[in-house]
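Please work from the sequences and hints to get the whole structure.
2 protein chains.
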Amino acid sequence: MAFRPLLLATVLSATISGTVSAKNDLETINRIRDEGLYRSQVMHTLQHLTDRIGPRLTGSPQMQQASAWTVQQLKDWGLENVHLEGFAFGRGWSYDSAYVQMQSPRKAPLSALPVAWTPGTNGSIEGDVVFLDAVTESELEKYRGKLAGKIVMLSEPEEIEEPKPELFKRYTSEDLGKMKNLDLKRPASNAHGAPDAIAQGRKRLAFRDAVSTFLKQENAKAALYRSSRDGGLIRVFGHDHTVGKTFPIPALVLAAEHYQLLLRFIEQGETPRIAMSVDARFHDEDHNTYNTIAEIPGTDKNAEIVMIGAHLDSWHASTGGVDNAAGVAATMEAMRILKAIGVKPKRTIRIGLWSGEEQGLYGSRAYVEQHLASRPKPSDPAERELKPWYWTSPGFPISKKPDYDRFSVYFNMDNGSGKFRGIYTENNIAVKPIFAEWFAPLSDLTEGIVNTNATGGTDHESFDNVGLPGFQFVQDPLDYMPRLHHTHIDSFDHVLPDDMRQASVMLATFAYKAAMADKRMPRKPMPTEPSELLQQLEKEKAEKRQRAKERKALSELPL
Amino acid sequence: MAFRPLLLATVLSATISGTVSAKNDLETINRIRDEGLYRSQVMHTLQHLTDRIGPRLTGSPQMQQASAWTVQQLKDWGLENVHLEGFAFGRGWSYDSAYVQMQSPRKAPLSALPVAWTPGTNGSIEGDVVFLDAVTESELEKYRGKLAGKIVMLSEPEEIEEPKPELFKRYTSEDLGKMKNLDLKRPASNAHGAPDAIAQGRKRLAFRDAVSTFLKQENAKAALYRSSRDGGLIRVFGHDHTVGKTFPIPALVLAAEHYQLLLRFIEQGETPRIAMSVDARFHDEDHNTYNTIAEIPGTDKNAEIVMIGAHLDSWHASTGGVDNAAGVAATMEAMRILKAIGVKPKRTIRIGLWSGEEQGLYGSRAYVEQHLASRPKPSDPAERELKPWYWTSPGFPISKKPDYDRFSVYFNMDNGSGKFRGIYTENNIAVKPIFAEWFAPLSDLTEGIVNTNATGGTDHESFDNVGLPGFQFVQDPLDYMPRLHHTHIDSFDHVLPDDMRQASVMLATFAYKAAMADKRMPRKPMPTEPSELLQQLEKEKAEKRQRAKERKALSELPL
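Residue numbers (the working numbering), protein chains in the order written: chain D, 1 to 559; chain A, 1 to 559.
Be careful, since some hints might not be right.
As the list makes no split between identical chains, a pair holds if one copy fits it or if it spans any two.
Said to hold, decoys possible - No more than 27 Å apart at the CA atoms, straight line, and that leaves these computed lysine-lysine pairs for DSSO-like:
1. 221 with 107
2. 552 with 203
3. 401 with 519
4. 178 with 164
5. 346 with 75
6. 301 with 519
7. 203 with 75
8. 552 with 401
9. 552 with 541
10. 539 with 245
11. 400 with 387
In case anyone wonders, no lab produced these hints; they're calculated from the structure. Small disclaimer: the values here were computed from a predicted structure and weren't measured.
Dropping the structure here:
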């Protein structure tokens, strides 16, 4: 509760310094709240996206359906300049059904879903199960001549551990209190990968390619992965979606319990046999995917832009409820609210519903590159092959487009349906008093914590990455990471209606306030290439860490 | 920590009063601990029961396989008088596979498992889905002529709520501290159903029979229930297993998220269509099922009996890991430990591995009735139809068998794999100092809480019900109820090896101490028929509660 006095002080000074405009603002905010809290359509929008359209994997027909539907819906609400903006992505993929059955040593159905961008089985197939115990290309050679017709287990054996006690969390006052402090252990921005991460990512990618080639050469029948969540949750992912590089054989993610069961049989010298049937296919009619863009045009500062957005694509295991139909429904609802109450914002308020977020923030990156600023790709060709979030340093210089200087701010939503408790400023201290002021009339809906730390993993990074203000809210974590993120239960059911109404009102309020503010949102220092000294210091630090690791490993050997 | 001084005081007095026998005891307990903690085979036993044999539904071939295997294993360990004791149960049932696929309004696999004792589909079937919105027999008539070929949803619509925060719990010192106190709100024993429960149970059973008959008459194709746990967990149950009364059409339990999805489509005026295939069948070769019995014979008090036990049967969704292969493996391990260290107990130590627990504690009830004491069934024929745990009052008098007076005590394990933190005494205060003494040399393994409350729901009730000492331990709840109990993830994976070793040692120690004690375990007052006055008072209380409920409902109406 230590943050309260600060907020109150800010409110008072804001009220004193701008009585008239504050009054108009508060009347508008009353109308935003009335429309957003008591005439909410957010769950209706959410239900259409999840139940009706279903999973929205980037490039899939269902994603295309979702894109088209958002255009129509935003037009129906009276938004302007509603259109799609395409960008190159790769192959489309979809599936209708998947079924895995253990045939021996005993019969039982197993829980599994396909890995995205892997082929279907073309009817029912059956085979003996083999665990591929290899972590290097040379170890693969042990399996030469042994995998024909086999179903190959590829994930590391990993015993299931005691679950973390906490399945569902709302932040306490104590948690929120701690968020006032800048954590100096964290990087200034989460928009770049750590040097270790890129090295690992590169290694993993190379080995995955080697395995892929090997399995094809050896005529393996199918591949199995272990779900990275237990408790029966099937947490999916995708193989490469690039034309000419998709995985050659059907691959599925098995529930952790069922993967471990097969492994235990193998450890005991058994050869489990399983049957499976996956109805999946690639779509190659259109290798583009599409962002949805729509606006409420501004008045006297029409060319200046305030944006809110969320990614429309999801994984395919369920219907992407909290990841991220929640964000889409809340940002769409914010636009609907503003339109319904007839605001005439000074700046243009624009919504961006991104595609390709799950595969590497592709949609928002494409948007930024096309409209705001571009940066060269990493000079290292191996680094360029990786997903953008593994890039250690997108190149310099940053080339600004004309809209760069007319851009004010982007607010993103992509952390589930949890209530907004505050906002992250991404190390931008200049926005702190502004956000504190905007939160003030909403203090009965949120604590309005202003957390100066950077937060990563989603589309605001694409803006932050070129020096533009891009923010995410501090949301209650709920059960997002423990059980919903990319799993087969991320459906309509786990999105909380009250939290969604609150988020919609907050997004509408922040978009409105940003569009009406006297000035565009203050910016951080422009990202620049680290100096040679800084690079040298980083390199030395990394080397020291490596040496320390080696010494520690030695000291752990028995004498 | 308020319980510690009490325990220490007890240890001291015990040591002073019986130095020699205490010394011998402690040396034996050293050997029990050495064998049970450091040469444990409990997880090996558990793995055979779960991974290898699989689900052990009462009356199924796998349950018969489990019974036969326990006999062989207990013989191999050198136990004596190892045999099966059969009792009449009903039809056997098993399944190999189950698959449900949504065909429209969009295509997606749905998570489902069959309800036990319902027929298979005999290949793939497909049909439109209808929700049966009826709670009385007369409401069923609305559906007359409308269900032919339909797949009928039978569970109440129930929106998925925020999950309880705590998924996994170990008792804190504070929790344990509270357990010292007798809770006067709880009944003296959990062995009888509450009057409300019986009325409800009777009503539910009658309506379920009516629905069953109606669905058959109307040629419905299959039935769907909603899992009673969300998060993708499939929590199964069984329909009637009685010959001539089994459910007429295939029935499945659907994951809550998928059940709710179908319901939401129906609410919006859609008719979902689903395909399914269930390979299941009844087994009618043998309508009996079997308890496993084995002994370490006593020496000078051979005819007196100390028992430990657990139910061997499980539900069919997974492999019954915590419910109750854990209890079986730990009690078997306790017998193995005692045999391995060559104890020569004064009293005979007997193990009972029960069948039919999940359907109504049938195995332990049959055992008690055959060997120890019998009680007439309820006089009300409708009450007799219900599962025994709905009976308000098994009749009087209790007829003792010769072994009744030679019986000392029964220790049961059936609350998952959670560490033993103490024991429930079922309102028996005379055993309190005895248990405190036995816990003393194990104080580095357990807090040894002596909780005088009654605890219910499993096989110790069958003993308590006829006035014999039957106990369960206070176990850490872990994730037993939140996600494992009767669900499709109750497998080997969620049983905790360290806790299992601790439980085995505790069971072996308590069995040994009971077998060596000077006296047989002290008993509670014999259950007797409540006096007319007590019955009158209970009736008045129930009537008052009912009136209060009605007045409250009235006061809640708007004026």
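- What hints, given by number in increasing order, does this structure fail? Failing hints, ascending: 7, 8, 10.
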